[in-house]
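Undergrad: For reference, the chains in residue letters:
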Amino acid sequence: AQSVTQLGSHVSVSEGALVLLRCNYSSSVPPYLFWYVQYPNQGLQLLLKYTTGATLVKGINGFEAEFKKSETSFHLTKPSAHMSDAAEYFCAVSEERAAGNKLTFGGGTRVLVKP
Amino acid sequence: DAGVIQSPRHEVTEMGQEVTLRCKPISGHNSLFWYRQTMMRGLELLIYFNNNVPIDDSGMPEDRFSAKMPNASFSTLKIQPSEPRDSAVYFCATKSDGNTEAFFGQGTRLTVV
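Protein chains in written order, with the numbering used here: chain C, 1136 to 1250; chain F, 6 to 118.
Here chain F stands alone, though its shape is the one from the complex:
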């Protein structure tokens, strides 16, 4: 298996633009997590899904952020409109219910200028 695949690896966008980050989970994994990593706040859980259903979105910073999981093999995290303070590395991680280990993608480094 290729692991958790995130795209793009790097994204530079202007303030006010819409940004969409993508994640393809490992086949068979039914839990998916979106994390944000910054120097100031470390690793923060934004939202997680189980069987394509959002379970906990309490970490989503504000209404500008939204996440979807339309099927078991794809998830998106959208920021609209983006702001410079959204600059961070965004990680997607997935796991199966029968396993305690979460596997991480390589992340998307977002820079909003």
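So that you can see chain C by itself, here it is in the shape it has in the complex:
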């Protein structure tokens, strides 16, 4: 079974400050890991993903995440927050299967950006 834990349901950062969103996962097989962003009244949009290879992955809008197997973590960072980063962020894990590749999501972290 797979599961995802996101530490902190709400994060407040100042514009220009570092954004750090924490994600830990459990998986019985090597995982695929994802970060999605959800803007108000919208669906989820993929920010970045890790499948294999380089453990530091870069995504859209200046976000990046590092897969650390020893820590079972996949934390999301952005060096400098922008007002447009205010949204809810979801970490997700999937396990490769012959069919489906279903995603299990964390509880989400809502980011507030202060001017």
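It is worth saying that the hints were derived from the structure and are not from the lab. The structure displayed is predicted, hence computed values, not measured ones. Misleading hints may appear alongside valid ones.
Which chain C residues face chain F? A few, computed with CB under 8 Å, are given here [claimed, not checked]:
| hint | residue |
| --- | --- |
| 1 | G1178 |
| 2 | F1225 |
| 3 | L1238 |
Ideal Cβ positions, reconstructed from N, Cα and C, are used throughout, including at glycine.
Mind docking chain F on chain C? Use the hints.
TA: Same frame as chain C, now just chain F:
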């Protein structure tokens, strides 16, 4: 491509009524997922299909919920009878077997009064 299309975007219905949510996947995507999002429980996977066949429906809350995928371009999620606790945003997501990314629709916000 227009992306994953869900309809309606908003639905308000009275308790006891039947509700049908619809999803049109991205052309060529052969896996389809129905998720429910609530404040209390976050994003929950209800059911997913691969090549129109239900693979895992363990997330379906109870017998009042049913989902179908009669062909590769259409899926429905039905609630009969609906209850106030079914109020949530329901998302459809699709992907192709050769890709790890799932694409989400904009969701249907269901309110049962």
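Undergrad: Take the hints in turn and mark each one as holding or not.
TA: Verification of the hints:
For C/G1178, the suggested interface contact is upheld, since its CB lies about 4 Å from the closest CB of chain F, less than 8 Å. Of the supplied interface hints, the one on C/F1225 holds, with its beta-carbon coming within about 7 Å of a beta-carbon of chain F, less than 8 Å. At its closest, the beta carbon of C/L1238 sits 6 Å from a beta carbon of chain F; the interface hint therefore holds under the 8 Å criterion.
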